[in-house]
Structure formats: C-alpha cells, structure tokens
Amino acid sequence: MKMLINVPEKVVPDALRGMAVAHPELSVDVENRVVVRRDAPVAGKVGLVSGGGTGHEPLHAGFVGPGMLDAACPGEIFTSPVPDQMVRAAAAADSGEGVLFVVKNYTGDVLNFDMAAELAEDEGITVGKVLLQDDVAVTDSLFTAGRRGTGATLFVEKVAGALAAEGAPLEQVESVARRVAENSRSFGVALSAVTTPAKGGPTFDLPAGELELGIGIHGEPGRERRPMMTSGEIAEFAVEAVLEDLGRTGPVLALVNGMGATPLVELYGFCAEVHRVLGERQVPVARTLVGNYVTSLDMAGASLTLCRADEETLRLWDAPVRTPGLRWGA
Amino acid sequence: MKMLINVPEKVVPDALRGMAVAHPELSVDVENRVVVRRDAPVAGKVGLVSGGGTGHEPLHAGFVGPGMLDAACPGEIFTSPVPDQMVRAAAAADSGEGVLFVVKNYTGDVLNFDMAAELAEDEGITVGKVLLQDDVAVTDSLFTAGRRGTGATLFVEKVAGALAAEGAPLEQVESVARRVAENSRSFGVALSAVTTPAKGGPTFDLPAGELELGIGIHGEPGRERRPMMTSGEIAEFAVEAVLEDLGRTGPVLALVNGMGATPLVELYGFCAEVHRVLGERQVPVARTLVGNYVTSLDMAGASLTLCRADEETLRLWDAPVRTPGLRWGA
Amino acid sequence: MSEELDTGFFADWLRAAAAAIDREAAHLTELDSPIGDADHGSNLQRGFTAAQAALEKEPQDTPGALLLFTGRQLISTVGGASGPLYGTLLRRTGKALGDAAAVPLPELTTALREAADAVAQLGGAAPGDATMLDALYPALDALDAGSAPGDAFPAAARAAAEGAEATVPLQARKGRASYLGERSVGHEDPGAASTALLFQALATAYGEGA
Amino acid sequence: MSEELDTGFFADWLRAAAAAIDREAAHLTELDSPIGDADHGSNLQRGFTAAQAALEKEPQDTPGALLLFTGRQLISTVGGASGPLYGTLLRRTGKALGDAAAVPLPELTTALREAADAVAQLGGAAPGDATMLDALYPALDALDAGSAPGDAFPAAARAAAEGAEATVPLQARKGRASYLGERSVGHEDPGAASTALLFQALATAYGEGA
Ligand SMILES: Nc1ncnc2c1ncn2[C@@H]1O[C@H](COP(=O)(O)OP(=O)(O)O)[C@@H](O)[C@H]1O
Ligand SMILES: Nc1ncnc2c1ncn2[C@@H]1O[C@H](COP(=O)(O)OP(=O)(O)O)[C@@H](O)[C@H]1O
Ligand SMILES: [Mg+2]
Ligand SMILES: [Mg+2]
Ligand SMILES: [Mg+2]
Ligand SMILES: [Mg+2]
Numbered sequence: 001m002k003m004l005i006n007v008p009e010k011v012v013p014d015a016l017r018g019m020a021v022a023h024p025e026l027s028v029d030v031e032n033r034v035v036v037r038r039d040a041p042v043a044g045k046v047g048l049v050s051g052g053g054t055g056h057e058p059l060h061a062g063f064v065g066p067g068m069l070d071a072a073c074p075g076e077i078f079t080s081p082v083p084d085q086m087v088r089a090a091a092a093a094d095s096g097e098g099v100l101f102v103v104k105n106y107t108g109d110v111l112n113f114d115m116a117a118e119l120a121e122d123e124g125i126t127v128g129k130v131l132l133q134d135d136v137a138v139t140d141s142l143f144t145a146g147r148r149g150t151g152a153t154l155f156v157e158k159v160a161g162a163l164a165a166e167g168a169p170l171e172q173v174e175s176v177a178r179r180v181a182e183n184s185r186s187f188g189v190a191l192s193a194v195t196t197p198a199k200g201g202p203t204f205d206l207p208a209g210e211l212e213l214g215i216g217i218h219g220e221p222g223r224e225r226r227p228m229m230t231s232g233e234i235a236e237f238a239v240e241a242v243l244e245d246l247g248r249t250g251p252v253l254a255l256v257n258g259m260g261a262t263p264l265v266e267l268y269g270f271c272a273e274v275h276r277v278l279g280e281r282q283v284p285v286a287r288t289l290v291g292n293y294v295t296s297l298d299m300a301g302a303s304l305t306l307c308r309a310d311e312e313t314l315r316l317w318d319a320p321v322r323t324p325g326l327r328w329g330a
Numbered sequence: 001m002k003m004l005i006n007v008p009e010k011v012v013p014d015a016l017r018g019m020a021v022a023h024p025e026l027s028v029d030v031e032n033r034v035v036v037r038r039d040a041p042v043a044g045k046v047g048l049v050s051g052g053g054t055g056h057e058p059l060h061a062g063f064v065g066p067g068m069l070d071a072a073c074p075g076e077i078f079t080s081p082v083p084d085q086m087v088r089a090a091a092a093a094d095s096g097e098g099v100l101f102v103v104k105n106y107t108g109d110v111l112n113f114d115m116a117a118e119l120a121e122d123e124g125i126t127v128g129k130v131l132l133q134d135d136v137a138v139t140d141s142l143f144t145a146g147r148r149g150t151g152a153t154l155f156v157e158k159v160a161g162a163l164a165a166e167g168a169p170l171e172q173v174e175s176v177a178r179r180v181a182e183n184s185r186s187f188g189v190a191l192s193a194v195t196t197p198a199k200g201g202p203t204f205d206l207p208a209g210e211l212e213l214g215i216g217i218h219g220e221p222g223r224e225r226r227p228m229m230t231s232g233e234i235a236e237f238a239v240e241a242v243l244e245d246l247g248r249t250g251p252v253l254a255l256v257n258g259m260g261a262t263p264l265v266e267l268y269g270f271c272a273e274v275h276r277v278l279g280e281r282q283v284p285v286a287r288t289l290v291g292n293y294v295t296s297l298d299m300a301g302a303s304l305t306l307c308r309a310d311e312e313t314l315r316l317w318d319a320p321v322r323t324p325g326l327r328w329g330a
Numbered sequence: 001m002s003e004e005l006d007t008g009f010f011a012d013w014l015r016a017a018a019a020a021i022d023r024e025a026a027h028l029t030e031l032d033s034p035i036g037d038a039d040h041g042s043n044l045q046r047g048f049t050a051a052q053a054a055l056e057k058e059p060q061d062t063p064g065a066l067l068l069f070t071g072r073q074l075i076s077t078v079g080g081a082s083g084p085l086y087g088t089l090l091r092r093t094g095k096a097l098g099d100a101a102a103v104p105l106p107e108l109t110t111a112l113r114e115a116a117d118a119v120a121q122l123g124g125a126a127p128g129d130a131t132m133l134d135a136l137y138p139a140l141d142a143l144d145a146g147s148a149p150g151d152a153f154p155a156a157a158r159a160a161a162e163g164a165e166a167t168v169p170l171q172a173r174k175g176r177a178s179y180l181g182e183r184s185v186g187h188e189d190p191g192a193a194s195t196a197l198l199f200q201a202l203a204t205a206y207g208e209g210a
Numbered sequence: 001m002s003e004e005l006d007t008g009f010f011a012d013w014l015r016a017a018a019a020a021i022d023r024e025a026a027h028l029t030e031l032d033s034p035i036g037d038a039d040h041g042s043n044l045q046r047g048f049t050a051a052q053a054a055l056e057k058e059p060q061d062t063p064g065a066l067l068l069f070t071g072r073q074l075i076s077t078v079g080g081a082s083g084p085l086y087g088t089l090l091r092r093t094g095k096a097l098g099d100a101a102a103v104p105l106p107e108l109t110t111a112l113r114e115a116a117d118a119v120a121q122l123g124g125a126a127p128g129d130a131t132m133l134d135a136l137y138p139a140l141d142a143l144d145a146g147s148a149p150g151d152a153f154p155a156a157a158r159a160a161a162e163g164a165e166a167t168v169p170l171q172a173r174k175g176r177a178s179y180l181g182e183r184s185v186g187h188e189d190p191g192a193a194s195t196a197l198l199f200q201a202l203a204t205a206y207g208e209g210a
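Protein chains in written order, with my numbering: chain A, 1 to 330; chain B, 1 to 330; chain C, 1 to 210; chain D, 1 to 210.
Isolated chain A, as found in the complex (with noise of 0.2 Å):
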C-alpha cells in the first residue's frame, strides 16, 4: 500500500482537517463529519443536503456553497455515512423550508438516509428526498439492489441548488431535482483496480491490455471485462448504452469525468471523442464539464453522464456557483 495518508483509519478526518483550513468559507466540524456552509441555514431557503461514502471527491463536501449544498456529510471510505451525520447536517441546513435529501442508490447510501429522514422529521424538520440512480450500466435492475448513482449527483446538486438559491420552496426543489435525475443517463469504464486504505491493495485484478466497461464508483468490478478498447471506441460504448436508455433527446448537458487517475489530457481527448460520437448521432451538446467530479479514489478511467438539458435545467446549470470543486459567475 502506498498512500499520502497517516494511517488508513484518519483517512476521512484528516481530509476534514484539510477541507477546514483550506476553505474557511465552509464549517467544518471534524469530530461529527459534517461540513456546511458558514452562512447555513440561509433565511427563507431550503436545505440541501447530501453525503456517501468518502472516495468521491469532490463529491459530496466539495460541492457545499451557495448556489449547490448546504450540507454534506462524509462518511468513511466508501461507506455510507451514519444517519446521527445526516440528522446533524439537515439541522444545520434547515432553515425552517426543510431539507431535500440528496441520496445516491446504495442499500447502505438508502437505509442510513431514511433512518435519518424519520429522526429529523421527529425533530420537526421537513425533509424531501430525490434518489439518484442514473447508471445503465446495472441493468435487469428487479434483481439488484438497482441502478447506483453517479455522475448525474453533480447535476442534480447544481441545478437543484440553484432553484434553492432563488428561494423556491422545497416541493419544487424536489421536483427538478426528480427531473434533472429522471433525464439523466451515465456510463463509467475503468482502466484500473482502485486501492483502498482499509484492504491496502487493489480490490481486483486487471490484467494488462484489458478494461472493465460498466463500472461504479466504488472499485467494484464492472459487468464485464474486455480487450483494451480505443478512446474512440470507448465514447461509442459509453455514448451508444448511455443513448440507448435515455432515448431520443434534443440538447444535453454532458458530464466528462475521470475515476481520479486518469490524466486531463486523456480526459480532454475522450471529451472530443464523445462530442464526436453525439455529433453523429445528431445529439446537440449544450454545456461540457471535464475533470474529475464523482471519482472512485485511485482508479484510472472515466464516465459520461448525460442530461436532457430543458431550458430551465439550463439556465439553472449557469447560475453562479461558488463551492471548492465548482465555481462560476461567483
């Protein structure tokens, strides 16, 4: 194992020490796991709330800022956090219009959350929750625990976060948040195994020369592995399953996002390659955001995530932000 950490244990609070000096616009409290925005809870506007397992960055707590989270909790490294965190953090980000839960479909990311969302509404707190579930890659999905949530997180938490800022009550905030998650798709490939702190190796093998095409973000292997395929091939996988499912679209928003280790370079030329890939198939891209957004610590690869850009999910994806991992017009 090699990693820049102390000991695998102080992973996650080490980070929040970090996230705490770095941004002092942000509340960072280390011991609970809880990171809000200073100004939280903000008069008359909802809450957002979000949080998983750490291993994401800068999902979830790198997004906490006007015009996007209120609130994230992180919880261990690729663990669902506890619901005392998510009590905490909507208490924190209510301002008395309620908090919308923002959760990721794990079993663990869905229990914990709705054990929290029963603590908080006895502490008199409304909450809303939109659940995110946009990987095709899980298909047959009556017979798992159904499709995880990726890419389209960072979608919904901008766009929801800006009708949050305009001072939209939360039923509306929970309705675009449904659509914007509705209308988005993702596919994810990995060129390598993920290292985590607590095994200290990779969590499977891939040999030289091969990739697994339909991964989470978690280091769990995906559907299946394949001879080393092309960039180019690879945005017509990705584009083809990912187009397959959302069906006939006008302009989307497209998220291009590295694993983590995989270079910007890499990411850039992959980007041309999905614009590509979309042109052909007379998808207009309206908006593209590159980089490393919804990672899965070390691993080596990408996702796309695609969203049906409706006008107002346009104009809400402009809207100033300003958090650690995603900042404009602010």
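Rather than coming from a laboratory, the hints here were simulated on the basis of the structure.
Please note that a few of the clues may not be correct.
Ranges of calculated distance between the beta carbons of each label pair, as one might list FRET restraints [unchecked claim]:
1) B:A208 - D:D61: 51 to 61 Å
2) A:E121 - C:D6: 32 to 42 Å
3) B:G167 - A:D39: 54 to 64 Å
4) C:R23 - A:R248: 51 to 61 Å
5) A:P284 - B:Q282: 48 to 58 Å
6) A:M229 - B:A208: 27 to 37 Å
7) D:E182 - B:E182: 21 to 31 Å
8) B:P24 - A:E244: 21 to 31 Å
9) A:E224 - C:R15: 43 to 53 Å
10) A:P207 - C:D6: 54 to 64 Å
11) A:E210 - B:P207: 21 to 31 Å
12) D:D61 - A:E224: 57 to 67 Å
13) A:M229 - C:P169: 48 to 58 Å
By construction, the Cβ of each residue, glycine as well, lies at the ideal position given by its N, Cα and C atoms.
Given the coordinates of chain A, work out where chains B, C and D with the ligands should sit on it, guided by the hints.
For chains B, C and D with the ligands alone, coordinates are given in the frame of chain A:
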C-alpha cells in the same frame, strides 16, 4: 500500456479537440497547437503567454482566459513546444503592448522560448520573459541545468495575469512576475512513476514501500529514495525543504498540489499536515489552494509550493479569474 | 427449559463477537473486494469496537437493553448497508426480549426470528439472494431444532457457516454484489460470512461460560 | 583530397539517419527513462520524419542548403532540448558550408566543429557533462585524424559510440539528467547515443554509396 487514448501520437491534438468543444470561450488551433482566449488580443493589455510540454494539465492551456494567460502552446508529452508555436501565440496575444513569456526553467523550454523571442522581436513584438525555478530539490545549481520550474508557475500566471488585466505596462507585469517567482519555492514527492504514451511503461521502478523525494513534473526520479513515510512526515520534510531555502517569511500563499493520480481526499489530508507544520513554525497561511494543478500525467504524489504573500500579491491573487482550470469572482 | 441466558452471557457473546470480527476483519474486507467495495471488515470492526467501548461506559442491565443499546451503537458507527441491517437485527431482538433479566432459548430464538424478518423487510432481500440472510435463517432453523443452548448454539454456528458457504454458487440479487450480475457467482457473501462469525461467537461464549 | 561529398551524399546521410532514428526510437526513449522524461526517441523520430517529408516536397540542391533546411525543420518539429540543439548543429553546419555544390572532408569537419561549438555555447555545456557533446567532439576528432571519408567516417562512428558509452560513469551536469545528481551516474546519455547513430549513419551512407 493502458491509457484512455487513441494512439500515442495523437494524444495532444485529441486533447486540443476536446478543449475546443468543451470551452467555446477559447479559440483552439489544433493544427498549430495554440490555445488563445477568444477575445485576444485585448486592446491596451499586455499579453501573457506560456507553454511547455503536455502532461501537466490544467497547466498551461487550462489557465487561458480573463485574469490569467492570453495564450498557451502545448508541446508533445513532456516536450517543450517549438518556437513556431510560441511566436504564433505571441502574435495572437499581442495588442501592441508587448507580451510576457512565462517560462519554466528546463533546457528545452528555455532554448525554444529564447529562439521564439528573437523571432517575435523580428516581427515587431516586444517580449518580456520570466523564468520559473522554484524547485528546491535541485541543489548544486552550478552543476546542473538549474532549478526546475514547477508549482510556482501557477502563482506567477495568476498574479501577473491579474496585473495585466488591470492594464499595467509590460515592465510592471514582468516585474511582479519576477517578484512572485523569486518569492516562491516548491518541493515534490512521488509515490509512483509515470507512464508516458511514448514509452508505454513506468519511467522508473519504485518498489512498494518506498517513495521518491524531490521529484519534478516530468516523471524523472527524485533526488532520494526512502522507505515510505506518513503524510505528516512528508509534510515536515517538504515544509522544511521549502522554508530552509525561502528563509524567514511572513504570510504565504500555499499550493498543495497533486501530481495527478493521488485522490483529492489524500491531498486534503496532506494539506492539514502542511498547515500543522507551518503553524508550528509560526508561518501564517493567507490562502490555500488544494488540487491537481501542475501535474505529471498519472504520477501519484504531491508537491508543496509556498509564496511570500505581500499585499499586492494577495490582492492580485484574489482578483477575478476565469479559465477552465482556475476560476473565481467571474 | 430451565436454563436461562442472563445479561452476563449476552455481554460475553458481544465481546466474543467483537473479538472475532477484529480477528477476521481483513478476511471480511477481502471477501468484499472482488464483488463489493472492500470495506465490510473495517465497517464491522469500527462498529463492534465502538459498541464495546460504549458498553464499558454505560453497562446495560438486561439482555434486552444490552442488545438494543448495541444495535443503536452499530447504526451510529458502522454506516454502509451492514450498519442499519445488523443494527436493526440487534435492536429488534433486544426490543422483543423486553426487560426480562434472563431469557430461555426459545424466547431468544423467537426474538431473533422476528428481528431477522425485520432485516429482510428493511433490505428487501430474501434467502437465496446471497446476503447475510443466507447465514441468518439457517442458523435460526438450527436454534429452533435445538433443545438446549449447549447443542443449539454450536448447531447454529455450523448452519450459519454452511449457509455462508452456500452463497458461493449463488448470483447476488441484493447489495453491491448484485451490480456484477453473473460475475457475482463464485464468491462467498461477506455479510453471510460475518453472520457466521456472530453465531460462532454465540457458541464460543456459551462454551466458555459453561 | 580530391574526393568531394555532394548533395546526393548528404541526402543519403539524412535518410540513413532518419532510418536509424526510426529503428532505435524505442531504445533512445528507454535510455531517457531512468534519468530523463522518456521522450528522446519519439522527439527525434518526429523531427527526422518531418524533415524527410519536407525534403520530399522541397528538395534542396546544395549540401549547405540541405543541412540548413533540415536543421530548421528539426527546430520546428522536435521541441525539447534536443530540437534546438540538433537543429542548430545542422543549421550551423549548413551555413558554414555556404553554397558549394560539393565539399571536401576537411571543410565538412571544420563546419561541423564550428557548429558543435555553437551547440556547446547554446546549451552552456562542455564535454564531460554527459550530453550529446560527449559523442560529438570525439567524432569530430576522429574526422580530423582521418585522411579520407572511407576511413574517417567509420572512425568517427566508432569514436561517437565510444563517447556515448563513456557517458555511463559520468554524473550529468546539463539537461534533465542533472537533476538527479549522483543518481545520474551509471546511465548512458540518450543524446550521446543519438549522436552516435548520426555518425553511424554517416558511415553507412558513405559505405553504401561507395
Ligand atoms: N438488501 C440487503 N439485505 C440483506 N443484506 C444485505 C443487503 N445489502 C447488503 N447486504 C449485506 O451487507 C453486506 C455488505 O456490507 P458492507 O460491505 O458493510 O456494506 P456496503 O455494501 O454498503 O459496503 C453484504 O455482503 C450483504 O450480506
Ligand atoms: N545543455 C545541453 N547541452 C547539450 N546537450 C544537451 C543539453 N541539455 C540536454 N542535452 C542533450 O539532450 C538530450 C535530451 O534530449 P530530449 O530528451 O529530446 O530533450 P528533453 O531533455 O527536453 O526531454 C540529453 O540526453 C542530452 O544529450
Ligand atoms: Mg461500503
Ligand atoms: Mg522532454
Ligand atoms: Mg462493502
Ligand atoms: Mg527527454
């Protein structure tokens, strides 16, 4: 070799095609390998031009935009661009107020930029130059090609870019760039070697349980190999190395920079340790930037850059910037 | 049916369980690698360690309170899928035991079955989906069949271990492993393996107490 | 001294050089790995290939023009340290040869030495710093000592190869390898190795033409 690419020879043009579609606010000449802000030359403004080998993204092309560079020219992977590109970039950036070349001190970059400066002057463009040589790991400079330019490049491009945006003349822009360069020091460590597309395998062998201290950003080994250290120990080593050379200092700008493949969660943990060590040495940190900014393809590791933060530097650092890789206030 | 299990016994059980989890944490994480996210061992280790520490500070005085308290601790410290599921298992068992000072085996078995059903409902899983349930239900059946703890606990431990092993050829239908589809076949479910450890600890705690 | 080297010979040389670089590109990049940035082979390959392609389109009709043109092509296509250095070597040699239609060996040697000094000045390096100069100067000495191309060129090739080999025990003082300090000892300098290839190509081109 496993990379998200088509063929090694096309990595750079493929990435430029990707930048072109992802960033309509940039004008990307894929053929001639020059990236220019779309509204260049900006009347009355000194032009800032930089460039270097590809593989350090977002540096430099990702720092083109208002408040930072006017143009960048990416070379092949880890290879200085050629004078033709630099002259083209200078011509695109020059509004008549002259251009400043921001050059990292590598033999190739220096020789090619020097040739380009001569050619550009022949074309009637006034050219200033600032040389980055912040890497304290290179000692005995008399017997070497001199210190490498690394993380401080970001500080110089940001601060000089902000002053240029205010309309300052070339002489002043060059002088602030020099001051920031002289006020900055860096030190880097690698936990893994780099795989370049041309070579297709790691540039050196780094056994499990060892790390390289004093590495640059081109996959070259460091000055010293040691048994693996904790994040806290590495922070002590790096801060010590930087401060020993920088000397007594008041507040600093700190860049806690990832080499490419180290997860953000580890970088934040490292950032916490860097702050701890600086605190123990009574060095206040005025601003901290954490992330993958001056990278070395898929190398795991991190570097620390500190810059003495005088008042003007801080003011210019905080000024709005709008580039793919660094953005705030706009 | 004269023999009753008292608070001391349940405390021994939880201690033995924590020790077993501690010892086998790396193995459980290993099992969670090829088909999951390589955290099951460290998840449970964190939770059971925290629960033991909390019990030191706040000892509980009935079997029911002890299990309820431990379940709450697991929910508050484990996270992931296994935190709420194991937390619910213990909480619901504790709740069903009420405030009796000691419980006979059949009552414990009934309480555990009620709790297991709550876990199945919470996770939406059924036996055969390659989850912890595949070790849990066989163990409960063995408890049912047993006449006294001395034979029922070892039988339950064996049944849980066999149940865990029996997940190897199964295709996972719940939890992360289900994402793999057919590729999940050929791997032992980590949660089933940890359930087997819990029942092994039950037998051990009883054997040592005896 | 009657024998003169004409444009055709120089074109053969450059073709042979390009072929040798092409063949040895991976090896040169390999040499550039432990002490550099693993690009020397692909750098020169890109440059020499581009120069050959440019020459196809714009053939040059004197040795001087040919070398000048090729040097300019290298500068415009190689980049890195070796682009300006090799580009200058060829450009300055071409310049020194003027517009003669053919050149005798001593004149070529003088031109090459002038160019080598320009390269040394440009890079600020001296023999013994573990750079291309350590193959270049010994080769020029061998040319000086030779009486005719038939023996001078093979001798220069041998001297360049030996010079390249002699960089192994040296500590690099210029270029990237110098960053390594003492750790650069024990490695052959990639630029010295490519210089040896150029002189080998000189001998080959002459031998095949003869
Ligand atoms: N829906 C479910 N019902 C029952 N058990 C489940 C369910 N989902 C997961 N599990 C159990 O939880 C185990 C995984 O626990 P753990 O690794 O700690 O959590 P996570 O999957 O969130 O990383 C699985 O091996 C399985 O036995
Ligand atoms: N200052 C210098 N003087 C002479 N030769 C040099 C100098 N710097 C580098 N070289 C030569 O250039 C070679 C490296 O070329 P190359 O790898 O193409 O460029 P870069 O070092 O920019 O990656 C070295 O092996 C050395 O022979
Ligand atoms: Mg997990
Ligand atoms: Mg190079
Ligand atoms: Mg797990
Ligand atoms: Mg090189």
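Against the structure, the hints:
no.: 1; hint: B:A208 - D:D61: 51 to 61 Å; in the structure: 60 Å, holds
no.: 2; hint: A:E121 - C:D6: 32 to 42 Å; in the structure: 38 Å, holds
no.: 3; hint: B:G167 - A:D39: 54 to 64 Å; in the structure: 34 Å, violated
no.: 4; hint: C:R23 - A:R248: 51 to 61 Å; in the structure: 56 Å, holds
no.: 5; hint: A:P284 - B:Q282: 48 to 58 Å; in the structure: 56 Å, holds
no.: 6; hint: A:M229 - B:A208: 27 to 37 Å; in the structure: 29 Å, holds
no.: 7; hint: D:E182 - B:E182: 21 to 31 Å; in the structure: 28 Å, holds
no.: 8; hint: B:P24 - A:E244: 21 to 31 Å; in the structure: 28 Å, holds
no.: 9; hint: A:E224 - C:R15: 43 to 53 Å; in the structure: 45 Å, holds
no.: 10; hint: A:P207 - C:D6: 54 to 64 Å; in the structure: 56 Å, holds
no.: 11; hint: A:E210 - B:P207: 21 to 31 Å; in the structure: 25 Å, holds
no.: 12; hint: D:D61 - A:E224: 57 to 67 Å; in the structure: 60 Å, holds
no.: 13; hint: A:M229 - C:P169: 48 to 58 Å; in the structure: 32 Å, violated
Hints 3 and 13, counting from the list given before, are not met by this structure.
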